[in-house]
Amino acid sequence: AQKITQTQPGMFVQEKEAVTLDCTYDTSDPSYGLFWYKQPSSGEMIFLIYQGSYDQQNATEGRYSLNFQKARKSANLVISASQLGDSAMYFCAMRENAGGTSYGKLTFGQGTILTVHP
Amino acid sequence: DTGVSQDPRHKITKRGQNVTFRCDPISEHNRLYWYRQTLGQGPEFLTYFQNEAQLEKSRLLSDRFSAERPKGSFSTLEIQRTEQGDSAMYLCASSSTGFDPIYFGEGSWLTVV
Chain A
15 AQKITQTQPG MFVQEKEAVT LDCTYDTSDP SYGLFWYKQP SSGEMIFLIY QGSYDQQNAT
75 EGRYSLNFQK ARKSANLVIS ASQLGDSAMY FCAMRENAGG TSYGKLTFGQ GTILTVHP
Chain B
8 DTGVSQDPRH KITKRGQNVT FRCDPISEHN RLYWYRQTLG QGPEFLTYFQ NEAQLEKSRL
68 LSDRFSAERP KGSFSTLEIQ RTEQGDSAMY LCASSSTGFD PIYFGEGSWL TVV
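Residue numbers (my numbering), protein chains in the order written: chain A, 15 to 132; chain B, 8 to 120.
These are computed hints drawn from the structure, not numbers from a lab.
Hints should not be assumed to be uniformly reliable.
Covered stretches of chain B, going by a simulated chain A footprint (3 or more residues, C-beta under 8 Å) [unchecked claim]:
id	segment
1	50–63
2	94–105
3	110–120
Just so you know, even glycine gets a beta-carbon here, dropped at the ideal spot from N, CA and C.
Using the sequences and the hints, build the whole thing.
Next up, the structure:
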């Protein structure tokens, strides 16, 4: 079974509007972390935001916020006031800490290509 | 800026040749990861180092692949007898602990012709 599912292969948004990128996950581990990364065409994976499974509040970082719904196992990324430079591939990833043997490695989804129109 | 750096950024090699990639993690990060990413896919975990110890290797890491981190600082990933299926981007990442964010480098693109 897929551990991380991103159901939107591509998304389009108008500049200055908000956009939500979906991510659902599957784990039986009570302690896990969820990450979002941005990958522009240059290839670099840029860390955007992190949410721990025990965090009480949704994470925010500037224009990025993570809509964490634990019961639904979803961790959607919300980008407010989209900019042309936001056009990129976006990956959701999960880190499980199962018995400490995961060593913090990440499992990634398939990604969503975001295109921001002027 | 002392982020994760990788070298070379691009490598084109003939099938059967050996290639080596280098990764310099963020200073004082004792955890180092290698991932492989093919076009249209998310990165896949290859191997993990804590300091100089290689603690986990994925099944994706065949016998032709070897990774080292001799002094717990930089790491190298060598692919021997390259095959066309090895064409991918190889990403290095580092973190301070198992609970901190994992930061990636810009990746090393490998094309095997």
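Worksheet item: Taking 8 Å as the C-beta cutoff, is the stated coverage of the segment 94–105 of chain B by chain A satisfied by three or more residues?
Response: holds (count 6)
Practice prompt. Would you check chain A against the segment 50–63 of chain B, counting CB to CB pairs closer than 8 Å, and say if three or more residues qualify?
Written response: holds (count 7)
Practice prompt. Examine the segment 110–120 of chain B: at least three residues should have C-beta closer than 8 Å to a C-beta of chain A.
Written response: Per the Cβ count (6), the hint holds.
Comparing the model with each earlier hint shows no violations; every hint is respected.
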